Every structure is written in structure tokens, then in C-alpha cells.
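These protein sequences, in sequence, are chains A and B. Residues in the first sequence are numbered consecutively from 6, following my numbering. Residues in the second sequence are numbered consecutively from 845, following my numbering.
Hints in this document: simulated from the structure, not taken from any laboratory. Predicted, not measured: the structure shown is a model, and the values here were computed from it. Careful, some of the hints might be misleading.
Only pairs whose alpha carbons sit at most 30 Å apart, straight line, appear in this in silico DSSO-like list of lysine-lysine [to be verified]:
1) B:Lys1063 - B:Lys935
2) A:Lys176 - A:Lys103
3) A:Lys117 - B:Lys949
4) A:Lys166 - A:Lys176
5) A:Lys117 - B:Lys1063
6) B:Lys949 - B:Lys935
Residues from chain B that face chain A, not an exhaustive set, calculated with beta carbons under 7 Å [stated by the list, open to error]:
7) Thr904
8) Ala953
9) Ala954
C-beta atoms are modelled at their ideal positions from N, C-alpha and C, and glycine is treated no differently.
Each chain is listed here by its residues.
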Amino acid sequence: MQNRRSTEVIAEFFAHGYRVSGSFDARQRTLGDMIYDINTSYLTVENAYVSSIQQPGEISINYPIAVINKTDLTFVLTIETEDALRRDQRYGSYLGLKLTPIFITLPFFELKGFLRMPGRFDPLVLLSSGSERFVTLVDVTARTTFDSEISFQGGAALVNKPQISFVGLEKL
Amino acid sequence: MARILIIDDNPEMLEMLHLILRERGKHEVILAADGQDGLTKALAERPEMAIVDVMMPEMTGYEVVRRIRANPRIAKMRIIILTARGQPVDKTAAMAAGADAYLVKPVAAAALLDQIDELINVGKEKPKSVVIPVLSLRGGAGQTTLAVNLALLLQRLAPTLLFDMATNSGHCGFYMGLKQSNRHWGYLVDNAGITIDGLIQAHESGLKLLAAPPLPMQKEGFSYDQTAFILNVLSKAARIIVVDMPPMLNPMAQATIKAAHKILLITNDEPLGIQTTLRTLQALDEDREKVILVMNSLRSGPHPPLDAVQRALQTPLAAHFVFDPQQIVSMQRGTPILLSYPDAPTAVTLQRLAKIILA
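Okay, chain A solo, but in the shape it has when bound (with noise of 0.2 Å):
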């Protein structure tokens, strides 16, 4: 990977049935504030390697550049917690963070992990998508719904709210 930078955070993101591992160059806005940002649909990261979900091992393709619909994307995940965290969820909060165990299905995935969030949990607006379009999960597994032998795993996911299909909960 050209000119890798420290600020430059590695993420891979899913969307219909593809696995991109790319670079985002974090060092002007972090890639949680990029992807929660409502006046932008895409995303660029720079080289980009691409694999079908089917062999997500191996890579098909890659390019230098990368331009992602955000829209279309069913979620991002990242090895460092940190990387994923938008300004404001990387501080603490009055009422306490809360991690709030959680099930998720999305096409081709299914992921596990925690919410971090202050105050009661609400799971209808959770999922409203009105005001943010994604959802921070974070000590996230996925894996895939065709193969379970297949997984992922990260500190945080960005999950595309309007992509999930069923959410389980341990308790309300």
C-alpha cells in the first residue's frame, strides 16, 4: 500500500455479497464521523482489495482508489475499536456507557456484539434511521449465513440500520 500514512485506519467494508479491505485517511475526520456523516453518500479509500463473500480469502481485484455508496454498504468493520468511534462516542459520558449485548441479521451476515451506549436502551430508536443512518456495534463476530465456518471479527462495526433484518436482545 503506497505512501501508508500513521493517521491511515485499514477497515473492511461489506456490501452485497463483496468484502473491500481498503485505507481511509483518517487524519482531517475519523472514519466513524465519515460514514455517520448524513451530507455525504460516499466514501473514498485508497487501495482497495476486493473479494467475493464466497472466498473472502482470496482477492479478485484491487485499485488504488475507491469510492463507496455508503447507502449500500451493510456495515464496516475495523480492527481497533477506536478507528470506528466518531468524535464524540470516543469520550465518556455523565450517565455512563452501557454495553448492551446484541443480535443482529443483515444480508449474508449475521453479527454479535455490544452496543455502547449511555442511558435506557431503546430499540425502536435504535433502528430508526431517521436521524443516523448507522449503528456503532463494537467486539463484533460476523459471519456468514451461508458458510458459519466463515467470520469476521473486529473491535467496532458501523452497521447500515435500513440492512438489518431481525434484532435479538437479551433483556429490555
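Since chain A is already given, all that's left is putting chain B on it; use the hints.
Same frame as chain A, but now just chain B:
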């Protein structure tokens, strides 16, 4: 200290790894900025190890590893995949491509250096015994007959073990007149708890035999490192280990060649046999100085002059076994010619050859 090739298209990563390996690991470092450059330097510089990035634009790291493994001249190089793609599927892909180890970026310097040390030292401990592989990549060269007789002869000099490495049903036990037994190295492949000692058979001469599986194997034999380990264990049972090699340079054969004192390469004087021998010599390029070339004539009638054969092979012949009809009789009786006809030409040539091997 080792010579290590680093292949990564990120100049900062190249420089950082260069510093870590040179200053802290005291290794000699070769740098390559992309896959093609890396392959060129691997062939030219012959490093012991390569550290390969995966995400490179023209040729991915997986492709680099596959090409290294496909080239017999550099196939044995140790390879570490070092990548930012850190998912379980990525490790599977790296190992499937042929990597020896897989590390995820960012990697701690100590973890990288430990992994390098571990890989560099694997299989380096040479067996204490003298290992003599008997090899012919073309079938019907009389390889097993020579291996059995050579092992019997060497047993007179020092405790010797014959390792039948055939994967398509071995015949050493049959040639030695031993009854077919359930004891063979194939058991070790499926049963890690079994000890080798319990699988070794003994001939009345004192020669020990680690037999091959009686039926063609349905799966791979041992890996390179497992074979190196087994040869080390066998060296406790015998001072000399003669190996009846498989007709291929699989990982078992490669580990044996690396551990060998001398390699007995058998050829015949037929055009296809000479062609196979020439290609085998090319494949054994790194170990060429260990090769002892032997001609084995298995048919009566006229043969091309030895000089012409040696010119064609571009290598001198250390010995020539002429066609010996008593060989066939011995084989049918299950008594090796060295025991049934000790004065036969084959037995005399073997004695001369043994002196060359042990010189």
C-alpha cells in the same frame, strides 16, 4: 543470523522492518518493493526466508508465495505472511498459499523476531546418522533393489536402518524376505501418539526397516518439518539411514535431501531415463555436490557407450551396475543378491560404491 527478503510495497514498512531485522535481529536484509521484484531477488539472492505483504497492487502476496513454492530452486524458503488483513479467513488463505507463518500488522518487533527464529531453526538440527537417499524419479530403475542391497552391505559396517519412503506401496520388506506386517510409517500419519520404535522391523542380518504403507496412500505423507524430526528420531536407532525415496520431490523427499550426507541418483541409458536424470539434477541444484550418479542397466543386449551417456548427463558416473540375471533370481526368492550371490558383479560394484559413499 539469516538472509531475509522483505517484500512490501510500503516504503515506510520496508524501512521499519529493515531496521528491526538488521539492528535487533542481526539479520542480513534484502528489500523488494513489489511481488515481481521480490521473486527476482529471491531467485538471484537465495535468502533463507521471505516476509511477504499481501496487499500489493501488481501481484498479491498470496501469488508471490504460490510462485515461490512452485519453483524448485526456491521452494524450500521459509515464508512469513505479514498483512493488515487480519481475519481468520486471511490466515487460512495465507497457509493455503504455502506460507509457514502468518502475522498481522501492526506486529510487535519481539513477536516478529521470535517467529523468525522459530522458523529459521526448524529442521536445522541435522540427524546424527549418515543419511543416504537412493533416488530415481523415473520408475523401473532398480532403485529399491539397490537401496536394499546397499543397506545390507552398510549394515556390515555399522548399524543401519532402511527407510522405505514410497507412498504408493513400498517393496523393501518384500525384497528383504520379510513377511508383510502392519508396522509401517503410515500409522504415524494418522496416529500421532504412536512411537517410531514400535514400527521398526528387523531383518536377520540386523538391518532395521521402517516399511512403507502396503497400500497407496490416500493422503499426503509427512511435512518437511515432520520428516526432519523423524530422521532425527531414527538416528537414535542406527548410525546409517538408507532411504528408498519416493519418485517425486515431495516435502518428505526434500527434507531427506537436505539432511543427506550423499544422494545416490540412479539412471539408466535410455533416452527418457537420461532426460529425467538431467531434470532431476537441475532440481537438485542446491545439493548438487552431494549427488553420486550411478548407472543401473536392467536389460541385456547392446548399450550406448558409457562416455556418450556421461556426456549427455554432463556428470561423471560413480558406478555402473551391469545387467545381472542373478538379480532377478534373487528378487524372486526374496533373498537380496548381496546375500545369495556375494561374488556376483552387482555385489562387487556395491562394495566399491559403498566406499565412495562413505569417503
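Legend entry - Given pair status - Lys935 of chain B, Lys1063 of chain B, alpha carbons within 30 Å: holds (23 Å)
Inset, instruction - Mind checking the alpha carbons of Lys176 of chain A and Lys103 of chain A for me, to see if they're no more than 30 Å apart? - result: Given pair Lys176 of chain A, Lys103 of chain A holds - Cα atoms ~13 Å apart, limit 30 Å.
Legend entry - 30 Å Cα cutoff - pair Lys166 of chain A, Lys176 of chain A: holds (20 Å)
Legend entry - Closest C-beta approach of Ala953 of chain B to chain A relative to 7 Å, hint status: Cβ of Ala953 of chain B sits 17 Å from chain A, so the hint is violated.
Legend entry - Pair hint outcome, Lys117 of chain A versus Lys949 of chain B [Cα-Cα no greater than 30 Å]: With a Cα-Cα distance of about 24 Å, the restraint between Lys117 of chain A and Lys949 of chain B holds, given a limit of 30 Å.
Legend entry - Pairwise hint evaluation, Lys935 of chain B against Lys949 of chain B, where the allowed Cα distance is 30 Å at most: With Cα atoms ~13 Å apart, Lys949 of chain B and Lys935 of chain B stay inside 30 Å; holds.
Inset, instruction - Grab the minimum C-beta distance from Thr904 of chain B to chain A and call the hint holds if it beats 7 Å, violated otherwise. - result: holds (5 Å)
Legend entry - Ala954 of chain B as chain A interface residue, shortest Cβ-Cβ below 7 Å: This hint is violated: Ala954 of chain B lies away from chain A, its Cβ roughly 20 Å from the closest one there, beyond 7 Å.
Inset, instruction - Take a quick look at whether Lys117 of chain A and Lys1063 of chain B sit within 30 Å of each other, Cα to Cα. - result: Since the Cα atoms of Lys117 of chain A and Lys1063 of chain B sit roughly 38 Å apart, the hinted pair is violated (cutoff 30 Å).
Hint check: violations occur at hints 5, 8 and 9; the rest are consistent with the structure.
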